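Visitor: Next come the chains, spelled out residue by residue.
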Amino acid sequence: MSEELLRIEDLQVSFSTRRGMVEAVRGVTLSVGKGEMLGLVGESGSGKSVTGFATTRLLDAAGRVTGGRILFRGQDVTKLRGDDLRHLQGAAMSMIFQNPRAALNPIRAIGLQIADAILTHKRISKDAARAEALDLLRAVQIRDPEARMNAYPHELSGGMCQRVMIAIAISCNPALLIADEPTTGLDVTTQKVVMDLLADIAAARGMATILITHDLGLAARYCRRIAVMERGRIVEEASPRTLFSTPQHAYTRRLVAASPTATSRIEDLVTEEERERYATVVSKPRQEPAHGTPPLLEVRKLAKRFDQGSAAVADFSMTMAGGESVGLVGESGSGKSTTSRMICRLIDPSEGDIVFDGQSIGHVASRDFHRSRFRKDIQMVFQDPNESLNPRYTAFDCIAHPLMRLDGMCVGDALRKRVEECAERVGLPLDLLPRFPHQLSGGQKARVGIARAIACRPRLLVLDEPTAALDVSVQAVVLQLLDRLRRENDIALLFVSHDLNVVRMLCDRTIVLRNGGIVEQGESRALFDNPKTDYTRKLVEAIPHIETGAALAAAL
Amino acid sequence: MLSYILRRIVATLPVMAIVALFVFSLLYIAPGDPAVVIAGDQASPEDVERIRQSLGLDRPFLVQFGSWVWRILHGDLGTSIFTNLPVSAMIGQRLGPTLSLMIVTLLLTIVVAVPLGVVAAWKAGSLIDRVIMGFAVFGFSLPVFVVGYMLAYVFALELEWLPVQGYTPLTQGLWPWLENLILPAIALGCVYIALVARITRAAMLEVLQQDYIRTAKAKGLGQGGILFIHALKNAAVPIVTVIGIGIALLIGGAVVTESVFAIPGLGRLTIDAILRRDYPVIQGIVLLFSFVYVLVNLMIDVTYTLVDPRIRY
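These protein sequence lines map, in sequence, to chains Y and P.
If you count by my numbering, then the first sequence holds residues 1 to 556, one letter each, in order.
If you count by my numbering, then the second sequence holds residues 1001 to 1313, one letter each, in order.
Keep in mind that the hints were calculated from the coordinates and are not lab data.
Model, not experiment: these values are computed from the prediction.
Backbone N, C-alpha and C fix where the C-beta goes; we use that ideal spot for every residue, glycine too.
Check the hints yourself; a few may be wrong.
What the hints assert, rightly or not - Per the computed footprint, the stretches of chain P lying under chain Y, defined by three or more beta-carbons under 8 Å from a beta-carbon of chain Y, are:
hint, stretch
1, 1208 to 1217
2, 1228 to 1239
3, 1304 to 1310
As the list claims (entries may be wrong) - Over 12 Å on every C-beta distance to chain P, these chain Y residues come out as not near it, computed from the model:
hint, residue
4, Ser360
5, Ser372
6, Pro391
Full structure from sequences and hints, please.
Guide: So, in structure tokens, the structure goes:
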């Protein structure tokens, strides 16, 4: 390793909460060399972000460094105060955050926001700062930078906002850049562009970078060294190659297994010890629908226009058989969510028809569809389990509500039994049923969302990015659950996602959308192995795969 | 933007029409024969009949309303029954003191309440925060007239720093004008300061939790820059709203304050008119206040666009 820039020794951080002190980081030791890019990988709650915030001194008021040292150029950061601290922040050390749109001041022009950072640390005129800001916008490759100087964050895309954040972070040529989940929530293609840009800039300017991410594949692609964190501790530190070929710690093994690769199957997502139980389910052959059975769902030339604007979705047709799983992929703005919502009858199509089980449902107004007898046949699992559960409903209420509304059940033993049966099917422990969403973990909330959706025994389940907000290990479990439900209960799955790895594993067929139209469709494996259009190829290539064995050896 | 303001002004027309109808109906909502009410206890039947005819009360309701509106549209608010002066002239005379009082109170409130709220939010949970919020509760709970008499007693009677009561127009100099307004403005502003400080604190607390404040810290910006450049402007929409709503509070409070400090403003005129059952004057004042309030609301909405570029009309 080159000359050492940052050294964290036995760092301990605690948060005071209503239930007393919570230890978020318990004894982290790591070091970063000049110009090095280090990956800090872990799942939510592992303390990886807290370590980053402690280093840049941006911890919440409730958080406190209770032990250890953070030596930056030999100086203990945890002891800095006042002006010394401000000379550090943004100048010698800077940070990029998750969710770039929220990280920018919504009512300040981006040019000014970049100039703010420059003016804080350099004694130059406002005009000179503005000129520098413009240069930075060029450096992060924003098109038409002169015009963008006066733009506000809401006028830019997520990827553009993250470029602006990078411009702010590098404005004073820091020696260390901490990127906290910089591309989470961005499309795979945008993720690749932003990460390539970040890596190029870091290399060109000799900046050391700590890449904090939950995505092992991403860290493996850009970092030479990866530290894996679990529950406030670093459990393993190694090069990507060693980490994937011979993971030492049990947690790393689980994490590596749960991270989808270009060839993994759903059953591969758990470690070998846990695999057996699942294998029995998968091995059962699926019964093929009898020849000549009409399709469960038939969508004909569906289109949606918002406010007389250009079409969000145009000329979309597809069919689905019972028990089939179809993936709907594309970048944000491709119309995949709009399409899924039309099929769920949550919004009205502008043109075209939807035929479910031989009956046209496309012309039933969405606000009346809850009275249709098909409402219980088509159910939806939403993107963010944290946002899509009513915070005032217990898990039990959540699952019971559709049963009461759509199946006409009343409060009583029968309802309790049905709810418990649903909970069991999704693997939700029964003692969690009286809890409210904030008392459940992300994975448990996802299970509640799925239990709610399958409560009325639907025949079609529409899933809008159901695992996007989940950790990979939880994602693995949820994916297995969905696959098992499909096999056991013959539920058809329409799976909307930007995560191609997941779609490839879970779905028989895949439809690629772009700008509201179908670009390509076909059997999933074939489509991803041999994309026929450039667009699909670009999507596939942008996925940060964990390159195993030979491929990785060749790359290094 | 201009077309939006025009549309908003057009949209206020139905509101003003309803207000006008209500104001006009005041005479009829009051119990008894309006003519008898106006004439008072000692009037003879002939007097009542004369008043009835002079006011046109013998004609049908809608005809009366129509001609009343017609006259208002021509700038004629009617004639006071008590003084026989045109109502518009009476209001015009009293407008200056009330406007002065409201403007001084408004400025005082913004200058005092907003920084207090910002500091309280910045130091949330600390002693300073608790003291400021304690004062806010205190200011909220005290009636205007209690504060008014207390201030007058301490600062005017005992310490003799400021005049006890009265009003001097601005034309006679800035200090004589201001001197008379300081105590009334504090008395009237108390509730208002408490309200705005609380809202500022709440709005700032919300904003200070946002990601972009963390970004500002990461850039190394100073505390002042973070609070006033990045946070306060983002918190401005609720604060501006409450300041606007507060103008309605001020109108109510001005009536009491002007009585306490003997300021010859619209508040005093209102009380006098009510006591004398001077209906044309009451109608004129209520109509004016409603109009001001509608106008203030329009101004608030326009202010939003200045504060937040995401709001477009």
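Visitor: Does each hint fit the structure? Answer for all of them.
Guide: Tested hints:
1. 1208 to 1217: holds (count 7)
2. 1228 to 1239: Check passed, 4 qualifying residues.
3. 1304 to 1310: holds (count 4)
4. Ser360: Since the minimum Cβ distance to chain P is about 40 Å, Ser360 (chain Y) lies beyond 12 Å and the statement holds.
5. Ser372: Correct as stated: the minimum Cβ-Cβ distance to chain P is 38 Å, above 12 Å.
6. Pro391: holds, 18 Å
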